[in-house]
Amino acid sequence: MSALAEPKTEEMTSAVAMNSALDCAMTADPKVILLGEDIADPIGGVFKVTKGLSTKYGTHRVRATPISEQAIVGTAIGLSLAGYRPVAEIMFFDFVTVAMDQIVNHATKLRYMSGGATPAPITVRTTVGGSRFGAQHAQSLEAWFMHTPGIKVVMPSNPVDAKGLLTSCIFDDDPCLFIEHLNLAYSSKAEVPVEDLRIPLGKANVLATGSDVTLITYGPTVPLVRAAAETLAAQGISAEVIDLRTLMPLDLDTVFDSVTKTRRAVVVHEATQFMGPGAEIGAQIHEQLFGELLGPVLRVGARFTPVPFSRGLSNAPSAERILGAAHALLASPRVNRSAGRTAG
Amino acid sequence: MTAPTTETLLSRAAAERMYELMLTTKLADDQAREETKAGRLQAAFYPVRGLEAVCAALGEVLRADDQLVSTYRNLGDALAKGVSLRAIMAELYGRLDGVSKGKGGSMHLHDTTVGFMTTTGIVGSGLPITLGLGLGAQLDGSDRVVVVTFGDGATSIGAAHEALNLAVLWQLPILFLCQNNQWGEHTPIAEYAGSTDLRARAEAYGMAAHRVDGFDLFATLDCLRDAVASVRAGGGPVFVEAMTYRLTGHTGTADFSYVPADELAAAMARDPAPVFRAWLVESGALSEGEANAVAHRAESAVADAFAFAQASPLPGPDELWTDVFATDLINWEER
Ligand SMILES: Cc1ncc(C[n+]2csc(CCOP(=O)(O)OP(=O)(O)O)c2C)c(N)n1
Chain A
1 MSALAEPKTE
11 EMTSAVAMNS
21 ALDCAMTADP
31 KVILLGEDIA
41 DPIGGVFKVT
51 KGLSTKYGTH
61 RVRATPISEQ
71 AIVGTAIGLS
81 LAGYRPVAEI
91 MFFDFVTVAM
101 DQIVNHATKL
111 RYMSGGATPA
121 PITVRTTVGG
131 SRFGAQHAQS
141 LEAWFMHTPG
151 IKVVMPSNPV
161 DAKGLLTSCI
171 FDDDPCLFIE
181 HLNLAYSSKA
191 EVPVEDLRIP
201 LGKANVLATG
211 SDVTLITYGP
221 TVPLVRAAAE
231 TLAAQGISAE
241 VIDLRTLMPL
251 DLDTVFDSVT
261 KTRRAVVVHE
271 ATQFMGPGAE
281 IGAQIHEQLF
291 GELLGPVLRV
301 GARFTPVPFS
311 RGLSNAPSAE
321 RILGAAHALL
331 ASPRVNRSAG
341 RTAG
Chain B
345 MTAPTTETLL
355 SRAAAERMYE
365 LMLTTKLADD
375 QAREETKAGR
385 LQAAFYPVRG
395 LEAVCAALGE
405 VLRADDQLVS
415 TYRNLGDALA
425 KGVSLRAIMA
435 ELYGRLDGVS
445 KGKGGSMHLH
455 DTTVGFMTTT
465 GIVGSGLPIT
475 LGLGLGAQLD
485 GSDRVVVVTF
495 GDGATSIGAA
505 HEALNLAVLW
515 QLPILFLCQN
525 NQWGEHTPIA
535 EYAGSTDLRA
545 RAEAYGMAAH
555 RVDGFDLFAT
565 LDCLRDAVAS
575 VRAGGGPVFV
585 EAMTYRLTGH
595 TGTADFSYVP
605 ADELAAAMAR
615 DPAPVFRAWL
625 VESGALSEGE
635 ANAVAHRAES
645 AVADAFAFAQ
655 ASPLPGPDEL
665 WTDVFATDLI
675 NWEER
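Chains A and B, in that order, are what the protein sequence lines are.
One point on numbering: in the working numbering, the residue at position 189 of the first sequence is 189, and numbering is uninterrupted.
Counting the second sequence from 1 gives a position; the working numbering is that position plus 344.
Bound conformation, chain B alone:
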């Protein structure tokens, strides 16, 4: 990890915040995978392991009124934007206290009160939706920034290209944040892309585009802070390709024996939360005891959220018919 520059020199509060977020994300992710394997979660869970530093940096540079559109691999994004861990977990279990009353599931989180606008299970389709949020901010005369996160694989989707072009054309206040974990489901990037320089694709559309080491919290923080400042100042859209690695299978239960052992080991050695903790303690930013206190908070929050989720009731049958239309029309099947 690069040493913090003057700009990223952290207040202790910021350091604690980011460490806590990274660790909470990691622990919640670990447990959600365990729950999937044990068959207690209804559906696949999409782990975010490896993205913790990118998410923490993003959360740190965004304002509360900035808006984010994410994907199925959303736990870190959601926590970074301030969505309640309890409500996220309850949604994973399909429970009434979930963000969507259990009607969305892990791929469909949102909390508009904190600017976490929507998530999508369709690869690449968040980018066009972000255009409208960006246009809304522009028409409102607001300086809020709209961010969309997506994987490297999403850059193969036509909708992503339509969105990049239109965002540049209209100079929309959008940060396109590609969380490049080097895999599209079970296919490595080099096997699905003629050019693996995704940053260059965005640049070809005429927008500022940067590539950053997404395991390096300080480098990512600098990069995202500059990008968000530029977007907020009216400089038009910016594309950031954060280079990480997927530290788990594609889903909570997926086989990932195909991942080259040396690549995975090298990535694991840079596992963001533990690496950041080591840096905090070695640099003297936090004492061992202070780091332990943060870790304890994260562990308690995760334990609390899972207990809360498991105790939450399932939605009642009437819930099936609500929210289909604004005005509940007619129960067609039971006419």
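Chain A on its own, in the form it takes in the complex:
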């Protein structure tokens, strides 16, 4: 194979990487239109993800909207019916609930209800987490959308994935919900290709290989789980870490391959554990690999409360709970019920 030139990279945060994804997509395709509150310059979006783009591409393509979440998503749907590839920004995941009708009744169903004639390939970008503001600005609602046929659900855990997955969402022919975690958006940096970058939807990333237990996670809990895996390694326990990256399509093949090898699994996420994404993933593993498992699939998710405001409180999964689940699983093939119970 001839030596290809290394793609040019720059060090970026996830926020900058998403800006780069939008920039590349807008250059590649004049049909890419951005919509959302405050997204035009000079402010460039409250999280600055669209900074500079209205200056570069014009306010006819980067359109600041009124505070009208239903209209934002509805406009995106109509634009997609008119042959455009709209990207709608909804400031916080919680506000997506205001546009639920447009997303869940229209965007996700138009293809099916029309027998394939009127698909709505929109991308809805939104942010989650960080919990600096309390219960109406921090909910992880991805399970609601995974539960709804017709929409793809994507949550990156690092700057490279943020760029590559967002670009794939924009050019995907289905509606996509792209969830950006505020703790990840500005904190870590990575070398990210400057040019167009696409990472296929529906492919999980095996971040660490191991043989004793599989830790399955995505988004903001990826760093936490990686750290837990290192702690386990120091204790002589070999953990495989899977970053799902997309929740729909869910890469169950990678999960099954890993759990077939390790025979133990823990699913970790920041969304509420009860009825959360881990419930389906756990059920799928049990259905497929029941005879192979050395213990039940355990889940570590947020406790069943609204997201608390005070730093003194947290309902999110902690390193202790992840380690606790892994240890419980390794200690006995039949885990003490209370070890896996984290909802109560």
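Derived by calculation from the structure, the hints in this document are not laboratory data.
Careful, some of the hints might be misleading.
Claimed, not checked - Pair ranges (Cβ atoms, derived):
#1 A/59 x B/634: 53 to 63 Å
#2 A/314 x B/407: 34 to 44 Å
#3 A/66 x B/456: 25 to 35 Å
#4 A/203 x B/456: 26 to 36 Å
#5 B/663 x A/105: 51 to 61 Å
Unchecked claim - Chain B regions said to be covered by chain A (calculated; three or more residues, Cβ under 8 Å):
#6 441-452
#7 481-488
#8 495-506
#9 655-669
What the hints assert, rightly or not - Some, not all, of what chain B presents toward chain A, calculated at C-beta under 8 Å:
#10 345
#11 346
#12 456
#13 458
#14 461
#15 464
#16 469
#17 472
#18 473
#19 475
#20 476
#21 512
#22 515
#23 533
#24 540
As the structure is a prediction and not an experimental result, all values here were calculated from the model.
Think of the CB as a built atom: it goes at the ideal place given N, C-alpha and C, for glycine as much as any other residue.
Assemble chain B with the ligand onto chain A, guided by the hints.
Then chain B with the ligand, alone, in the frame of chain A:
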């Protein structure tokens, strides 16, 4: 009915077209209601009786490339835009030859080849979608007009207000056509709205807004023609409130004994298709024989469409899994 103005003075072809459309709509509607009552249609059918003149006028003033978003009460809109009656009826029966292969049903018609973009069963939610179609036309530099039809009840929904505001702000090429039949399901307008002047609401958002007698074909034709011309010329969105009355129950089988008898009788006396036929013949625009010939065409088309629909097969089980995603992902239940 007002006499036609010079502007609306009809060519004979236009008169025949509109009469045929109104009558086809009425006859198909009557039969669909019969089929629902007989239990042969799978689901409720939402009759359009009373809206025939509004639909015919709209069809007459729109261009083939103009786009329309409608509601569950869509038969007249769909026919006006040129959707095949056969395919509509097959969809009502959940058949493979329906516009959506039977996967949409009566509330989810579309035919993008004639600009009938989508319909929705969620009251008021078509308006935001129309914003995007209007923006698309604007960005394309096209002079196509985008129309959304909705009932009076839809103006109580937040999404409608978001859409009116944004359409004015961006001066989108949209005609908001409120088909005011005076009822929101089983509630009369005066019992759900503090002000029943819906036109005034739209005006308050800063757009041109008109109210017209929707039983009066010529008045409606004039009003819609002007509105569409203004939108097409780049004058921004226009709101038209066409005043009609619901001549049937909310659905094909719904009780409507609560409708005041005098109101209904007064409205029935203005039933658009028969009234227009009487005018055509009295004014000498069509001879009795010519009017009968049009009626015969409408009757045959309706009979043909129902026969076609009833003979169309149901979709096969594999159809369940297609069109969920663009690329058929995985059959999750059967993994
Ligand atoms: C959001 C929503 N709420 C309630 C309903 C149930 N519903 C169906 S039709 C209807 C009445 C709507 O009245 P209007 O907008 O005046 O239209 P019309 O049926 O009279 O044509 C209602 C309440 C619905 N489909 N969607």
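Original post:
For which of the previously enumerated hints does the structure constitute a violation, in increasing order of number?
Top reply: The structure conflicts with hints 2, 5, 10, 11, 13, 21, 22, 23, 24, although it agrees with all the remaining ones.
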